[in-house]
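Enquirer: Start from the sequences, fold in the hints, and give me the full structure.
Counting in full-length UniProt numbering, the sequence shown runs from 1 upward without gaps.
Source of the hints: derived by calculation from the structure; they are not laboratory data. By construction, the Cβ of each residue, glycine as well, lies at the ideal position given by its N, Cα and C atoms. Check the hints yourself; a few may be wrong.
Said to hold, decoys possible - With a straight-line Cα cutoff of 30 Å, these simulated DSSO-like cross-link-like pairs (lysine-lysine) come out:
id, residue 1, residue 2
1, Lys152, Lys26
2, Lys254, Lys298
3, Lys298, Lys268
4, Lys155, Lys119
5, Lys254, Lys278
To be verified - DEER-style ranges, computed between Cβ atoms:
id, residue 1, residue 2, range
6, Ser107, Phe239, 25 to 31 Å
7, Arg22, Arg116, 37 to 43 Å
8, Glu98, Gly270, 21 to 27 Å
9, Asp109, Lys85, 24 to 30 Å
10, Lys85, Asn141, 26 to 32 Å
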Amino acid sequence: MRYLITTVPGLEDFVIEESAERLSAKTAKAIYMTGRVIVETEAEPHALYSLKTAERFGIFLGEGLAETLQEVVNTASTYLPHVLKYLTKNTTVGIRCERVGQHPFTSRDVEREVGRWLKERGYVISLVDPDVEINVDVVHNYVTVWITVAKKSLKDRPWRAYEHYASLNPIIAHAMARLAKPAPGETICDLTCGGGTIAAEAAEYAPWARYICVDISLKHIKGAALNTARYPQVDLLWFDSTKLHRAIRPICDKYIFNPPYGFRIPGKIGKLYHLLGKAMRKLTRHCATYVTITPRHKTFTSQVGGEIIMRRVIYQGGLYSSIIVGRICPTSSP
Numbered sequence: 001m002r003y004l005i006t007t008v009p010g011l012e013d014f015v016i017e018e019s020a021e022r023l024s025a026k027t028a029k030a031i032y033m034t035g036r037v038i039v040e041t042e043a044e045p046h047a048l049y050s051l052k053t054a055e056r057f058g059i060f061l062g063e064g065l066a067e068t069l070q071e072v073v074n075t076a077s078t079y080l081p082h083v084l085k086y087l088t089k090n091t092t093v094g095i096r097c098e099r100v101g102q103h104p105f106t107s108r109d110v111e112r113e114v115g116r117w118l119k120e121r122g123y124v125i126s127l128v129d130p131d132v133e134i135n136v137d138v139v140h141n142y143v144t145v146w147i148t149v150a151k152k153s154l155k156d157r158p159w160r161a162y163e164h165y166a167s168l169n170p171i172i173a174h175a176m177a178r179l180a181k182p183a184p185g186e187t188i189c190d191l192t193c194g195g196g197t198i199a200a201e202a203a204e205y206a207p208w209a210r211y212i213c214v215d216i217s218l219k220h221i222k223g224a225a226l227n228t229a230r231y232p233q234v235d236l237l238w239f240d241s242t243k244l245h246r247a248i249r250p251i252c253d254k255y256i257f258n259p260p261y262g263f264r265i266p267g268k269i270g271k272l273y274h275l276l277g278k279a280m281r282k283l284t285r286h287c288a289t290y291v292t293i294t295p296r297h298k299t300f301t302s303q304v305g306g307e308i309i310m311r312r313v314i315y316q317g318g319l320y321s322s323i324i325v326g327r328i329c330p331t332s333s334p
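Expert: Below you can see the structure in the form of structure tokens.
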């Protein structure tokens with residue numbers, strides 16, 4: 001069986017890695033920044049619900065390249081005959097188009113024209129909760145055609161009891177945990193933990209490490225306590241992270257965190273990043289790896305310093321952000 005798995009654009013390789021681990025995938029391929037991965041595996045569909053790097057998935061039908069609406073419809077119609085074995089004359093069909101990039105047509109245009117192809121062949125088109133949902137996605141000039149299996153987003157985690165107003169996508173948090181590679185006995189610190197998304201995802205991925213979740217907001221710490229209640233590896237602190245080194249000894253082996261990025265207050269964000277970098281140097285026991293995400297990567301790296309090991313760009317919520325992996329060493333200076 002070939003499946004199409006969607007994810008956050010820029011994290012396609014994590015889906016490939018996890019598919020090999022959990023699904024024993026025979027093959028897997030992706031085009032960078034499309035957020036689509038095609039996986040061939042003998043695993044049954046229910047096995048894919050365990051993927052932490054996937055948002056949705058379905059049965060893959062085909063792919064192609066297109067610049068115009070007619071080319072998109074032609075690509076879709078090439079593979080639509082394969083859909084017919086899943087349909088009867090009483091089956092309702094829905095067409096869904098997710099479009100990324102600039103095109104001389106809209107998602108609704110694609111849905112209308114592909115729906116017309118099916119309607120002309122006697123199938124009933126439904127706009128509300130169809131029996132079978134066909135996806136014709138257009139990411140720049142890359143077209144994929146697939147049938148939805150997981151209608152509900154897999155990023156809706158069962159541990160989520162509290163919703164932070166700016167909570168990080170758990171798929172991104174999971175990828176950041178994979179990049180940090182928590183080792184047994186290590187203490188992983190999230191200095192701006194909000195609702196505890198990173199701590200929850202990291203604790204589930206690597207339960208052999210200890211996690212410290214710090215936030216200046218008591219409301220968010222209480223929310224994080226709800227979200228991490230099932231993970232005894234997580235400790236929570238209501239504290240100003242930029243001053244935490246004044247209260248506790250160096251305890252952090254690694255950092256995974258999602259700091260504020262504040263486009264409206266760039267000066268203050270630069271100062272915050274500088275203070276976080278200072279605190280990190282004081283809180284680390286040895287030279288420590290950090291994994292962070294921000295759309296303000298130049299400000300972050302200039303203010304925090306240390307060695308930059310890697311930067312990767314992802315696209316989430318209409319915004320390009322950078323996941324930065326770096327290394328920072330302790331200092332005894334005041």
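Enquirer: Now tell me if each hint is right for this structure.
Expert: A quick look at each hint next to the structure:
1. Distance check on the hinted pair: Lys152 and Lys26 sit about 26 Å apart at the alpha-carbon level, within 30 Å; holds.
2. As the CA atoms of Lys254 and Lys298 are separated by approximately 21 Å, the hinted pair is consistent with the 30 Å bound.
3. Pair hint Lys298 plus Lys268 holds up; C-alpha atoms about 15 Å apart against a cutoff of 30 Å.
4. A C-alpha spacing of about 33 Å is found between Lys155 and Lys119, which places the hinted pair above 30 Å, so the restraint is violated.
5. A threshold of 30 Å between alpha carbons decides the hint, and for Lys254 with Lys278 the separation of about 15 Å falls inside it, so the pair holds.
6. For the pair Ser107 and Phe239, the supplied restraint of 25 to 31 Å is violated, since their beta-carbon distance comes to about 46 Å.
7. A hinted range of 37 to 43 Å holds for the C-beta pair Arg22 and Arg116, which are about 39 Å apart.
8. The hinted window of 21 to 27 Å between Glu98 and Gly270 is violated, with their beta carbons roughly 36 Å apart.
9. At roughly 27 Å, the beta carbons of Asp109 and Lys85 sit within the given window of 24 to 30 Å.
10. The supplied range of 26 to 32 Å is met by Lys85 and Asn141, whose beta-carbon atoms lie about 29 Å from each other.
Taken one by one, the earlier hints fail for this structure at numbers 4, 6 and 8, listed in ascending order.
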